Amino acid sequence: MEDLSGFPLEIVGENSPMVSFKKVRKSYGSLVVLDDLDLDVAAGEMVSVIGPSGSGKTTVLRMLMTLEKINGGVIYVDGKPLTHMDKGGKLLLANDKHLRTRRSDIGMCFQHFNLFPHMTAIQNCMEGPVQVLGLSKAEARDRGEELLELVGMIDKKDQHPSRLSGGQQQRVAIARALAMRPKVMLFDEVTSALDPEVIGEVTNVIRKLVSEHNLTMLMVTHQMGFARDISDRVCFFYGGKIEEQGPPAELFGNPKRERTQQFLSAVKEAV
Amino acid sequence: MSFFEFMSLYWPRLMSGTGVTAAQFLLGAVLTVGLALVFGLMKMSSNRAIKGFAVVYIEIFRGTSLLVQLYWIFFVLPLFGITLEKFTAGWVAIGLNAGAYGAELVRGGIMSVPKGQWEAATAINMSAARRMRRIILPQALVNMLPAWGNLMVEILKGTALVSLISVTDLMFEAKQINASTYLSAQIFGTALVIYYILARFLLTPFMRWLEGFMARKLGRA
Ligand SMILES: Nc1ncnc2c1ncn2[C@@H]1O[C@H](COP(=O)(O)OP(=O)(O)OP(=O)(O)O)[C@@H](O)[C@H]1O
Ligand SMILES: [Mg+2]
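Keeping their order, the protein sequence lines are chains Y and H.
Here the first sequence is numbered in our numbering, starting from 1 and rising by one per residue.
Here the second sequence is numbered in our numbering, starting from 272 and rising by one per residue.
Take these hints with a grain of salt, some might be off.
Estimated spans, in silico, between C-beta atoms of each pair [as the list claims (entries may be wrong)]:
#, chain 1, residue 1, chain 2, residue 2, range
1, H, Gly323, Y, Ser16, 46 to 52 Å
2, Y, Ser16, H, Val301, 54 to 60 Å
3, H, Val301, Y, Lys137, 27 to 33 Å
4, H, Leu338, Y, Leu99, 29 to 35 Å
5, H, Lys357, Y, Leu92, 42 to 48 Å
6, H, Val309, Y, Glu250, 58 to 64 Å
7, H, Phe324, Y, Lys137, 34 to 40 Å
The following residues of chain H were derived to be distant from chain Y, with all beta-carbon distances above 12 Å [unchecked claim]:
#, residue
8, Met272
9, Met286
10, Val327
11, Lys357
12, Trp389
13, Glu390
14, Glu425
15, Phe459
16, Phe477
17, Arg479
18, Met485
It is worth saying that the hints were derived from the structure and are not from the lab.
Computed from a predicted model, the values in this text were never measured in an experiment.
We treat Cβ as the ideally placed atom computed from N, Cα and C, and that holds for glycine.
Let's have the full structure, built from the sequences with the hints guiding it.
Shown next as structure tokens:
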């Protein structure tokens, strides 16, 4: 078994990060997808993740959402281990119960929305609060309606997902995730499956979240302009590692690494 | 004897037999649904003992004939101290047999629900049990309903076998009447029509309605 004695049981201190990947490794068979990844995200920070296909961007988010098992290292959320639990001063791989208590800090939006098709928009937003958080139906409905208002979907609250456009479904999905009151929100290419003309309605919602809410956000995106606009920091992933990171103006305006330069110019040509 | 006279004479017995057939079908179908759910879920368990138990059940009851199972339950189980009344033995055998087929339908239905649904439910921190009950099963149900329509018709047809352990169903009554009148064409012809009506004009329309109802609940229609 992996020796985790070098990893802290807790990260304390005023400036301790909201999310911390420490030497995180992920592989599928012999394919190493994340290679000793270190990444800290401060509370309230908006970090964009960019990089070529297969560089491990989605995997980073999925591990943080605990949808994938970790093969090495530790992930901390809000100072406490997420992927592991403290058993008598030793870090052991988290069991289901531990994951369920720690996972509540994190929410995620997917490329293909994944709304529950047998529920209306408002029911999608109420499901977690009622079934998981134990809110009353009335409380959950209030909360859901408030959030559907925020994402501009209150008019369609009684529609099933099959009656909504992609952009509308994605906005409901954002409301559904927010209804759980997470501290950290994850966005995995939330505009990639959308028609160009509706991308704006989703990015505007994310903009609003950045400016009006104190959420910590991690966003994988192929929209460089959007990432540049709203991020506090941009991470360029290459081969399961962070090849380069920095404030958007620097990373986009003056990339230092050759691979970053190549990627950015290839993206520019494609547009 | 005219057909009309014949019918007025034997109609009550045919109807009482039809009632028994309907009861055998309904009880058998309820047991089928219950067993299918339990064993379908067990077969997907990561616990090897639980999964193994489900696999053995499904293999045995799908791999052997309903008639032999019926005889086992009625004639052989008493030797092990389990005696079932013939009426009970009938629908229990039907349920056990069809439940094994239904379990595979349940498993297939669950696997047909996209991975993204499981992940979205996990992302809102649902427990595994709630995720199954609230998110996965409702969608699986819609996907597997057409196949269940076929299985239900099979169950109805299969009930005729219970006449072989002297349950007084439609088939049993028909055979009895035939034995005393030798009017084979009339009596088995009438039985045939009744089975057909039950399947085509009651059961199938009901299953279609259920499909439409569930599809509407999913907002697909
Ligand atoms: N379940 C899996 N089994 C095997 N390999 C996988 C699995 N999931 C991901 N991978 C592999 O891991 C690598 C990283 O995948 P990931 O989805 O994180 O890439 P990405 O950076 O998000 O790419 P994209 O821009 O195409 O979405 C890829 O090579 C991918 O093929
Ligand atoms: Mg990806």
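Note to self: Please check whether lysine 357(H) and leucine 92(Y) have a Cβ separation lying inside 42 to 48 Å.
What the structure shows: violated, 57 Å
Check: Okay, leucine 338(H) versus leucine 99(Y) on CB: inside 29 to 35 Å?
Finding: Since the Cβ atoms of leucine 338(H) and leucine 99(Y) sit about 50 Å apart, the hinted range of 29 to 35 Å is violated.
Check: Closest CB-CB distance from glutamate 390(H) to chain Y, is it above 12 Å?
Finding: violated, 5 Å
Check: Between serine 16(Y) and valine 301(H), does the beta-carbon spacing fit 54 to 60 Å?
Finding: holds, 57 Å
Margin query: Quick check for students: does the CB of glutamate 425(H) sit more than 12 Å from each CB in chain Y?
Written below: Fine: 28 Å to the nearest Cβ keeps glutamate 425(H) off the interface.
Next item on the list: Take a look at whether the Cβ-Cβ distance between valine 309(H) and glutamate 250(Y) falls inside 58 to 64 Å.
Entry: holds, 60 Å
Notebook entry, point to check: Is the nearest Cβ of chain Y still more than 12 Å from the Cβ of valine 327(H)?
Noted result: holds, 28 Å
Next item on the list: Take a quick look at methionine 272(H) and tell me if its Cβ sits farther than 12 Å from every Cβ on chain Y, holds or violated.
Entry: Methionine 272(H) is indeed farther than 12 Å from all Cβ atoms of chain Y, at 57 Å.
Check: Would the least Cβ to Cβ distance between methionine 485(H) and chain Y come out above 12 Å?
Finding: violated, 9 Å
Next item on the list: Kindly confirm whether 46 to 52 Å is satisfied by the beta carbon distance between glycine 323(H) and serine 16(Y).
Entry: holds, 48 Å
Margin query: If we take the beta carbon of lysine 357(H), is the closest beta carbon in chain Y still more than 12 Å away?
Written below: holds, 42 Å
Margin query: Quick check: does the Cβ-Cβ distance between valine 301(H) and lysine 137(Y) fall within 27 to 33 Å?
Written below: holds, 31 Å
Hints 4, 5, 12, 13, 18 from the list above are not met by this structure, while the remaining hints are.
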